[in-house]
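These protein sequence lines are chains A and B, in that order. For the first sequence, position 324 matches number 324 in this note's numbering, and the numbering has no gaps at all. For the second sequence, position 111 matches number 111 in this note's numbering, and the numbering has no gaps at all.
Incorrect hints may appear among the rest.
Derived DSBU-like pairs (lysine-lysine); straight-line CA-CA distance at most 35 Å [what the hints assert, rightly or not]:
id	chain 1	residue 1	chain 2	residue 2
1	A	K346	B	K51
2	B	K51	A	K286
3	A	K51	B	K51
4	A	K323	A	K346
5	B	K300	A	K123
6	B	K323	B	K286
7	B	K123	A	K300
8	B	K107	A	K51
9	A	K300	B	K51
10	A	K300	A	K286
11	A	K51	B	K286
12	A	K51	B	K171
13	A	K323	B	K51
14	A	K286	B	K323
15	A	K286	A	K224
16	A	K323	B	K199
17	B	K323	A	K107
18	A	K323	A	K224
19	A	K51	A	K286
20	B	K367	A	K323
21	B	K123	A	K323
22	B	K367	B	K323
23	B	K171	B	K199
Simulated from the structure, these hints should not be mistaken for laboratory data.
Below are the chains, spelled out letter by letter.
There are 2 protein chains.
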Amino acid sequence: MAIQFELLGQDSRTRARRGRLTTPHGVIETPVFMPVGTQATVKTLSPEELKEMETTILLSNTYHLFLRPGHDIVREAGGLHSFMNWDRSILTDSGGFQVFSLSALRKITEEGVTFRSHISGEKLFLSPEKAIEIENALGADIIMAFDECAPYPADRDYLKQSLERTSRWAKRCLAAHARPHEQALFGIVQGGVERDLRKQSADELLELDFPGYAVGGLAVGEPKPVMYEVLDYTLAWLPQGRPRYLMGVGSPDDLFEGVERGVDMFDCVLPTRIARNGTVMTSHGKLVIRNALYSRDWEKLDPECDCYTCRNYSRAYIRHLLKADEIFGLRLTSIHNVYFLVQMMKRMRAAIEQNRFLEYKREFYDKYGYGQLS
Amino acid sequence: MAIQFELLGQDSRTRARRGRLTTPHGVIETPVFMPVGTQATVKTLSPEELKEMETTILLSNTYHLFLRPGHDIVREAGGLHSFMNWDRSILTDSGGFQVFSLSALRKITEEGVTFRSHISGEKLFLSPEKAIEIENALGADIIMAFDECAPYPADRDYLKQSLERTSRWAKRCLAAHARPHEQALFGIVQGGVERDLRKQSADELLELDFPGYAVGGLAVGEPKPVMYEVLDYTLAWLPQGRPRYLMGVGSPDDLFEGVERGVDMFDCVLPTRIARNGTVMTSHGKLVIRNALYSRDWEKLDPECDCYTCRNYSRAYIRHLLKADEIFGLRLTSIHNVYFLVQMMKRMRAAIEQNRFLEYKREFYDKYGYGQLS
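Please model the entire structure based on the sequences and the hints provided.
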């Protein structure tokens, strides 16, 4: 097995779990937030900066790397770790989500998906076999099965067809996987917001015995209470001893609600994307740092933060950099936001260990402000 | 006196000098190249990265900081060092050059220059007194007198009027300077490419007894041999015991030719600007790293370089980042190019100490390629 997962403890009043995931590139304490390095780099940040903020695992996108620079080039580099100078763990998605959200003119058949590159317009094809071939070339520690991520809302008939195809594709991914001892392949449960369809998807995937399971097809437009409800029942069907990954989720409230329901892994572009727009998360809620309000504010972004940015720079300086379109400003806000989520997860882990997850969640929400959580 | 300058040695066959400049923020071995932090940041780089590559002094631009964020804000931060988290030396120019090169609708009178901001269109005014007030607020270790940088070509009558005004302005700068014990004010020799006018300018400024002198009005379009000729005679008139600064110059050949003629200090946006366009300097000449030629090139940018970029990343990875518009790529090329010039100056200093400046210059040119030097 490429990975080991150990359940270290569980909160007594919720389903929050404290775990430890070991991959060929190190130990990941869970629950964990994975920063996203879409194009083999976490936007604006160096590997050293990510390590300084205690990042243990990154996500990178198969679709983007397939299009540019091409997985053959990454393979030639010795894989993604070597290509991007990151010696800790990496997870790659399968490209499924991006094919459905970014590319144009896609056509789905049982064989796979034909689509046009959103960069070159070139006609391309991804199938379970092709996605796994790419992921094998990229060489991440955890790789995802090629799935269809259905939109929200979608009708039941379509959702059922789609999840069944996803199950058949999952089986083909397993068969195509050439490096099972180095890379753990996770299955993805689909089924939209229909309880019986989620159950069917979970059952079909469990039969294939994946070393880990993701919940896909959420955070695609459904109301948050609906997402939480789907997590409530879906996670209950997944095996305790395997890691569970909620894909594409990363706002503070979704991280808390996910952990509370038993999620171990999360990824999202949110912290780096809002950072580049000049929004930072702090223990007292979000700040839009470009605001004139901060032009003479000599405080650090977050009085309770000890990240590189907060140790060295004022709000006024960071505002100046952003107003002046200086890249260093984007670095400073990105460092702060990623650190914020990584540290929040660290505190959640400590709270689970101390059996006070709900108390920590309450303290966090009270200070952060309920209106800003999502 | 805010600074001390010690002449440590001189090459026996050229006028190349080895010196040591001490400011309130540290020791600067000369000849030195100063990276440019126009808007209180060296584009894409952190102070720690600049220190790792042994940068001892930065230049920042008075004109830009006057416009944004405003010198009152920088003063409130405790000065530029504190604002931008840089505890080594800083030099600020006076805004003179930018007023003439960037702003619109400028009108020059004896009192000063009225111009429109290139950002807001706002009507603004800079005079010797105002420029020094701003530079006093910014608090750099070395500050420059407010001068008029005449264009090339310019007629003799205009050049003469202009240098005489610059001399009168220099006197007013000295009178206005409120922090002479903390900030060394340098005078700027003008006079275009006319030998007698340069002599007149140097004489008038020497009478004012500045702790250091710059040669201004060069690298503004005149042929290189003409610039070198002006340096030949102008530097001979400047006092041996004071540092000499050639403003706005930074291509490898100009650095060599300047040092050979006795220049101690240089600044230029060249290394960071070309880096952001994807051009890197190497010991074997320039590479346009976006070129498809490098898509599978696993070498480091420069086989003889040990900068952070070259220690950790391949040409293929850097090319990928630049093609994908990833900011981290701009960081990597900027680090490399600034390091390249800083190390080149370090090697020039060692060569002067060993009395083999011309040999080192020849070795450098032979390897770099004569066609790529400028």
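Worksheet item: Looking back at the numbered hints, which does the structure fail to meet, lowest number first?
Response: Result: hints 8, 12, 16 and 20 break, sorted rising.
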